[in-house]
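J.: This is what each chain is made of:
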Amino acid sequence: MAKCKSCVVLPFLIGLVASIVLGWWGFPKVLYSQKTQPIRFDHVVHVDDQGIACEDCHAFRDDGSFTGLPTNENCVGCHEDVQGEDPDEARYVTEYVEKEKEVAWLVYQKQPDNVYFSHIAHKDKFECTECHLDVATMSTPPVFYENRLSGYSKDTMKMWQCEECHAKNGASNACFVCHK
Amino acid sequence: MGLDRRSFISLVAGGVVGSLCTPVIWKTLDDVSIWSQNWPWIPRLNYGEEKKLATLCKLGGDAYGIKVKTVAGNPVTAEGNPDHPLSLGGICPLGAASVQMLYSPARIKNPKIKDGNNFKDISWDDAEALLAEKLKEAGAATAMISGDETGSTAEILSGLVGKLGSQKSFFMPAESAPAAAAVQMLGGDGQVGYDLENAGYVLLLGADALGSWANVARNAKAFAASRDKAVRYVYVGPAQNGTTAVADAWIPCAAGTEPLLALGLAHIIASGRTSYAPGFADFERYVQAYQPETVAAATGVPAERIMNLAKELINAGRPLVLTASESGHGLGAYEAAAGMCLNMLLGQMNAPGGVRILPWAPKVVESAAEKKDLLANDLVAYLTAVADGQEDAPKVLLVHSANPAYALPNLNKVQSALDKAEFLVSFSTFMDETAVMADLILPDSYALERLDDSYSPYGAPQAIYTVAAPVTKPIYDTRAAGDVLLSVAAKADAELGFESFEAVISAKAEALEAEIDSLMEGTPWVSEEFPTQDLAFWSSPLKEIAVPAGAEKSVSLSVVTHLKIGSAAIATPPFGTNAIRFDEMKGKEMYVQLNAATASSLGVKKDDRIKLANAAGECVALVKIFEGVMSGTVVASLGFGHTAWDDFSRGKGDNIYKLLQAEAEPGTGVSRFGSAQVTISKA
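Chains A and B supply the protein sequences, listed in that same order.
Under the working numbering, the first residue of the first sequence is numbered 1, with each subsequent residue one higher.
Under the working numbering, the first residue of the second sequence is numbered 1001, with each subsequent residue one higher.
Do not rely on the hints blindly, as some may be mistaken.
Derived list of chain B stretches under chain A, where covered just means 3 residues or more per stretch with a C-beta under 8 angstroms from a C-beta of chain A [stated by the list, open to error]: (1) 1014-1025; (2) 1138-1151.
The calculated DSS-like cross-link candidates involving lysine-lysine, where the alpha carbons are at most 25 angstroms apart (straight line), are [unchecked claim]: (3) B:Lys1052 / A:Lys180; (4) B:Lys1473 / A:Lys180; (5) A:Lys110 / B:Lys1069; (6) A:Lys29 / B:Lys1027; (7) A:Lys180 / A:Lys125; (8) B:Lys1473 / A:Lys35; (9) B:Lys1051 / A:Lys123; (10) B:Lys1114 / B:Lys1491; (11) A:Lys154 / B:Lys1027; (12) A:Lys29 / A:Lys154; (13) B:Lys1069 / A:Lys101; (14) B:Lys1051 / B:Lys1473; (15) B:Lys1413 / A:Lys101; (16) B:Lys1109 / A:Lys110; (17) B:Lys1051 / A:Lys158; (18) B:Lys1027 / A:Lys110; (19) A:Lys99 / B:Lys1473; (20) B:Lys1109 / A:Lys101; (21) B:Lys1491 / A:Lys99.
Just so you know, the hints here were simulated from the structure itself, not pulled from any lab data.
Heads up, the beta-carbon is just placed ideally off N, CA and C, and yes, glycines get one too.
Working from the sequences, and respecting the hints, build out all of it.
T.: In structure tokens, the structure reads:
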């Protein structure tokens, strides 16, 4: 009888542990593909060496909307010609600036089109890094984990996270607050 | 230890239970639901800076300022421009569709040359070289047609034709030509405008001011402001329309007889009045022929109503009379002068709240014709003469911003004349009926893609010069016609003195003493100066305006324009198709309007399929019974019956231009075609 018990319990435990390990460790590796940015943008060079403030590139417009990532229009002020010997720098100038083509940056926190996120409504209460990766200290942008099914970034905030934060901070959770 | 059946089931069960404690199932379900919302064909938003850029709308008969909202540099929507005096925040149905037309399936994407019954692509260099060669060969046998009276591109075209030794420069017919001719008859010289904003009483003789006449957006703003000032708007015409829906009164008047009513009113107002205005005595004698009873018989307006209307005009402060053809073109010069004389009698010529005579736009291309001469050139008469063999067909015919193969009277003859042109060149942005006939198409960039300008369109109350910088880059391989023409002129050894269209605009701004930088930023130049005019009543011999005579059993055709359906230059935009009501179009057939009594007398009833016919041609339509139409009148809208363009407009309804037959106005020779007589029978 004891033998029979072990025949049932042991495989059950093995299956249980194995699926938990695979589910928490293996599944994310299968679900997310790893991508790198089209150009290795070095924040450290810009922030520390050149003394450029975050707001110089990630600014609010006069109407309160957030510029997000800078476009070539911002960058050509310094990068009309190749600066230094970084191959990514040369590639940026030849493949994007000279061809008047915008870089298709991978956005770690990209939200769906049906969500309107107002940066200006959040900027006084939160530090950028509470939601965004702290890229200002990185010479190489972090790996972009793209969900193979949904196409969104692993770091894209889910609706429950928005709702939780709104609830904790006394902000409205009415649909139209985010879905315009 | 072997794995027996029980152990295996236990292992699987453990795996299943374990998986429930992991994100595998829950996350997969969530992601699949998101995946199902992200099909590749679902459009994605393009994020970026939002701007509102000032530009021009020239899609209707008017040219006025609008603003186009862009996101990340892409035009998204259009709205009125509160800072432009001809918009004041208002926008017309075609202006509202202007961004949509940027992506119209009818856009011509690159230069094309006729290859049998089709077209084949040609490079810009080859196309320009070919046209230059043809122009050199044609010389003085070159002619041009433009549908844009206000822009400098027409001046460049006229300059090129003039440089080649030809005087054959024409505008498409519009209200501006007869109005300018009327002012000339009174001894004036200038472009005609109307100070609606300061008028104390507005009599609209056929002018659908709130629907399609002149500066529609600005007219609506002036009307709205007039409500607080108790300004009375009275519409006179054969049928109710968008203007009568809100005007203070509608006076039914037989189609095309509004100028007779103007003379009848002039008779009553002039009688017993002493005036030292030059020519008044002759004029007073002339209008004796237009007794109220005579006018009542011709127009259908009761004599008593005419008397009351005259009293209202006499007693009103700053009355303004606007005379027009209901369709927006085809008025005779004498007919326009009849209304102009009425304004003069009321002391409202070149006065605040009245008719304004503006200085002509400065001409900067030396070889171009003066605008007043261009307006005087009669396109319909010319093309008819070419078709009849009375004029030589042009060796090269340049057509810009116009669709003569669709939007002219005597349509069969016009098409025949276009066919006779040895080398027809279209600068159309869209594959319209004229482009289809062309031997060479050099597609003009769309309005939002090119630099453009406009000097006071007809009706504007003051001299206004507007420059519109491009809102976006051309999305296809198109070029601005002004630049192409300058380049071709140089290649044809007919240099016009300018290297670019921008240089022409700069010269024009300089001539007006306007700041080019300010103009390029979208701020219009406005002048309140009005040259002194030495006016007299009818300085040319007086001519009797005849009462239109119809054939037996015929009805008067009242031709109207609805901007949602399109204009002479543009077919129905996709936006417009949503606004066409079920009683304006059924399937692919259009409705015409008759009242019940007229329908009964003709033996037709609601929804009957009928044929409208006269000597010019015939059209097919369905019957709509509408009691807002005078007896003996059928109302039909222009804008249907396209044979080219795109699926939104092609093959829908019939082209009423087929029923319009131009006749030369006695004395002036101006082609009149505002209304027509038709017979109606079941189709």
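J.: All hints are to be evaluated individually against the structure, with a verdict given for each.
T.: Evaluation of the provided hints:
Counting residues of the region 1014-1025 of chain B whose CB lies closer than 8 angstroms to any CB of chain A gives 10, which reaches the minimum of 3, so the coverage claim holds. Check on the region 1138-1151 of chain B: 0 of its residues sit with their Cβ under 8 angstroms from a Cβ of chain A, so the three-residue criterion for coverage is violated. For the proposed pair Lys1052 (chain B) and Lys180 (chain A), the alpha carbon gap of about 21 angstroms is at most 25 angstroms, so the pair holds. For the hint pairing Lys1473 (chain B) with Lys180 (chain A), the CA-to-CA distance comes to about 30 angstroms; that exceeds 25 angstroms, so the pair is violated.
In summary, the hint linking Lys110 (chain A) to Lys1069 (chain B) is supported, as the alpha carbons are separated by about 24 angstroms, within the 25 angstroms threshold. Between Lys29 (chain A) and Lys1027 (chain B) the CA atoms are separated by roughly 13 angstroms; this keeps the pair inside 25 angstroms, and the hint holds. About 22 angstroms separates the Cα atoms of Lys180 (chain A) and Lys125 (chain A), which keeps this hinted pair within 25 angstroms; it holds. With a C-alpha separation of about 33 angstroms, the suggested pairing of Lys1473 (chain B) with Lys35 (chain A) is violated against the 25 angstroms cut-off.
Restraint check: the Cα-Cα separation between Lys1051 (chain B) and Lys123 (chain A) comes to about 23 angstroms, which is no more than 25 angstroms; the hinted pair holds. A distance of roughly 22 angstroms separates the Cα atoms of Lys1114 (chain B) and Lys1491 (chain B); the hinted pair therefore holds under the 25 angstroms criterion. Between Lys154 (chain A) and Lys1027 (chain B) the CA atoms are separated by roughly 12 angstroms; this keeps the pair inside 25 angstroms, and the hint holds. Distance restraint check for Lys29 (chain A) and Lys154 (chain A): the Cα-Cα separation of roughly 11 angstroms lies within the 25 angstroms cut-off, and the hinted pair is therefore satisfied.
For the proposed pair Lys1069 (chain B) and Lys101 (chain A), the alpha carbon gap of about 22 angstroms is at most 25 angstroms, so the pair holds. Under the criterion of a C-alpha separation no larger than 25 angstroms, the hint pairing Lys1051 (chain B) with Lys1473 (chain B) is consistent with the structure, at around 15 angstroms. Restraint check for Lys1413 (chain B) and Lys101 (chain A): not satisfied, since their Cα atoms lie roughly 51 angstroms apart, outside the 25 angstroms limit. The straight-line distance between the Cα atoms of Lys1109 (chain B) and Lys110 (chain A) is roughly 35 angstroms, outside the 25 angstroms bound, and the hint therefore fails.
Distance restraint check for Lys1051 (chain B) and Lys158 (chain A): the Cα-Cα separation of roughly 30 angstroms exceeds the 25 angstroms cut-off, and the hinted pair is therefore not satisfied. Taking the CA atoms of Lys1027 (chain B) and Lys110 (chain A), the gap is about 18 angstroms. The hint holds against a cut of 25 angstroms. For a cut-off of 25 angstroms, the pair hint linking Lys99 (chain A) to Lys1473 (chain B) stands: about 15 angstroms separates their Cα positions. As the CA atoms of Lys1109 (chain B) and Lys101 (chain A) are separated by approximately 22 angstroms, the hinted pair is consistent with the 25 angstroms bound.
Note on Lys1491 (chain B) and Lys99 (chain A): the hinted pairing is violated, with a Cα-Cα distance of about 31 angstroms set against a maximum of 25 angstroms.
Checked against the numbered hints above, the structure breaks hints 2, 4, 8, 15, 16, 17 and 21 and satisfies the rest.
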